[in-house]
Amino acid sequence: MRPRTKFSDLARADREPVARIDPADLPPLSSPGPPPAKLAAAWPARMDAAGYPLDGTRVLAFPDPATKAERDALVGAFLSGLEKLFSRENNWTFLQPLLLSMEHCARCQTCSDACHVFESSGREELYRPTFRSEIFRRLYFEHVKGGGLVSAWQHGRVEVTWPLVARLGELAYRCNLCRRCAQACPIGVDNGLIAHEIRKLFSQELGIAPTELHASGSMLQMKVGSSTGMNAAAVRDNASFIDEEMTEKTGVAVETPWDVEGADVLLIHNAGEILSWPENPGAFAVILNAAGISWTMSSDIAGYDSVNYGVWYDDAQLARVARMHAEIAKALKVKKIVVGECGHAHKALLVVADRLLDGDLRIPRESALTLLRDIVAGGRLRLDPSRNDFPVTLHDPCNVVRLMGVVEPQREVLRLVCPRFREMTPHGVDNYCCGGGSGFAVMGGNGFQDWRSQVAGRRKLQQVLDAFSDCLEPAVRKYVCAPCSNCKGQIRDLLAFHDVWRRHGIMYGGLAELVVNAMKDVNPGFIEWEWR
Amino acid sequence: MTVFVYAAIVFGVLAFAVGTAARAVQYARQPMHLRWELYPVPHERADRAAHGGSYFEQSEWWRQPRQRNLRGELAAMLPEMLLLKALREFNRGLWYRSFPFHLGLYLLAAAAVALLALAGATLGLGGAWPGGAFGRGCVTAVTAVGAAGLALAIAGACALLLRRIQDPALRAYSSPGDFFNLGFFIVALSALGLGWATRQDGAPGALAIAAGLLRWDLAVPIPALLGAGIVLSALLLAYIPLTHMSHFVGKYFTYHAVRWDDAPLGEARRLRTALSASLAHRPTWAASHMRGRGDGTWADVVATNPSREDGP
Ligand code: SF4
Ligand code: SF4
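As they're listed, the protein sequences go chains A and B. When you line the first sequence up against our numbering, it's residues 209 to 740, in that order. When you line the second sequence up against our numbering, it's residues 79 to 390, in that order.
No lab work stands behind these hints: they were computed from the structure. Here the structure is a predicted model, which means the values were calculated and not measured. Some hints here could point you the wrong way.
The calculated DMTMM-like cross-link candidates involving lysine to aspartate or glutamate, where the alpha carbons are at most 20 Å apart (straight line), are [to be verified]:
#1 A:K541 - B:E138
#2 B:K163 - A:D638
#3 A:K353 - A:E291
Please take these sequences and the hints and turn them into a complete structure.
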């Protein structure tokens, strides 16, 4: 048995990881057959000695201060950011929920069993939902509320050092922000929110955030138009290539309308779809054209990329990108924005940024899942569900379901087009995160991709295997419907890491693809059963 | 002794009321936050609330009238408040310990209120509580509720303390204060129960002391152990709002002001005004991308594109 990780371990000045996770400690998967060879050898062996390592992988790049004065300056900056998190001038956006989560935890650990990361790590203490929260809470009572002996006696205390601060920042990126733990908490304390606020502190005060989310994420999106790096010309090129391919594949002429003023719908996809899963935007084009919807895409900066990474780590970036989306819709004079199959983009634009957009920026915003439901259930397409005669299960993206309440529309569609649809257990608002939530799906260096395939995504993989337990043989083709770009990225990596396509014939994709695959008016075989 | 006991009761009740109200006011005064709800939201339309759905499931939701399902909200709140439903669902082992504790406290609170009502009636009736079947029945009922409350609360607190000591996960996260808090409950309530049970024949009971308190009658000879139990319990009452044990206040806000707060900005003038006020604040975050290029308010910061040298 490995020793229990303690709060004080984070403050250790040596360069050893605080926790070492051995694949042998992870809960076994129920998948029959031998595990793929790389399973045991991959991630845990790659210990990264840079900075003050946490657990053998790393997403943040920290300065490595050489002198005590430099270390003290960094700790001072952290404490100054901590104070700002609790001031209304700096953090009106989340102050009330944060205070509530700081002051009322009963330390009952009810939340622990709800967390897939904790559970799937073999209950490594470091990943317990309350581990980082408790450290942060102790810092709050000592450095924001005045501290003192009585406070230390009542709330406990941890010594604030640079190694502790650096490891705490890194630890904020071992939580998917899925908030399943918050749902289980009898008091309503939100450990996901606490991780979110720690991320904000590091980004907004120290300027430290994962490169994938900030420099080549929200900053790149605001500079060239998309976190993929595609500028307007590139996206239009790619889209016209997709149109050609879709036309050829479906046998119906497909053309994506661009920058159409006064269209009813401005459709914004996660631009990653255009590069990694072109069949998804392609399927949307087929469906919207067939249903006679007046729609357009925008080639304005950020207008063709719905991602809003700020929702995971930085309020200013969140607000800026949401504003850009709304400005574009306003300029195009569309009736509404429809967000494509991207979960965090749903939550960012429809929910979290709702209280940032007022006046003429208050353009109606809707989910593509609702629109698809209206089209399919409204009989606007000629459908032949027998074309989808294969087992299908549905992954619930946390951002769309537990955090937004869009639960049924995607199911209504599946019940109409997939005769062999089956649910995962648990599902709906009780679902488990895919392990790619909160930006993890786009983060991968330093062994992180292996970590999220082994630990964060393990529960989801087990759910997928369980959903298809009656037909796991590879000859039966099966489909995990994941109506979210980032979930798809994570599920792709998860299935690839565990070699699930070859061993079990389990493929993944979006919802729109299943609809087109069932359309009578297009050539059969829209879904290609080829692993890419 | 008697004046000391009366003073402690008044102090305990007042401190509890003021402390609790201060906490509630502190949370209520926090600025509007960005939406951060968690589904299911029980005041949704019943058919949607059943699967945890929201108004976003409707097409063009902004055109539909929003219906608040108060019955659904109550149906979610009552089992949560009275039966600790979430704990029962997600942590049954702890619920077996925590529920008796909380139920015991509810019964004690109910008995205390009923006792004061009886004492008030006693005064109205000229100083003596009627001895008939009804009068005796009332006293017996209040006594039974109080005794059951004491027994449950003490047993629950002992079980919780034991669990906190024995379970390594709970122990590792507990501060000395957490152990003290449970110990305080056990000691104060045990003294109260023992003092009441061991008082001698003819010594004043709970009703006589409550009536004496209302009359401020210093001649009531309160037995020492019972008096100590009352004083300790009163101090405990005063102490609760100073700790996370006031989570009943926090819980109201975590549910109503966060988890279930799904009000869109467009509907509410209150929210729009709050947004204008918040956007006028000047943040002092130090990271370079957090700066605006104008007056430095949030409105300016969010209108600035930090990836462009030449301005928004
Ligand atoms: S966050 Fe909630 S469930 Fe977790 S320990 Fe605290 S009170 Fe218990
Ligand atoms: S938000 Fe999700 S990943 Fe994070 S601690 Fe809670 S359950 Fe675990």
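A quick look at each hint next to the structure:
no.	hint	result
1	A:K541 - B:E138	holds, 17 Å
2	B:K163 - A:D638	holds, 16 Å
3	A:K353 - A:E291	holds, 9 Å
Of the hints listed earlier, there is not a single one the structure fails to meet.
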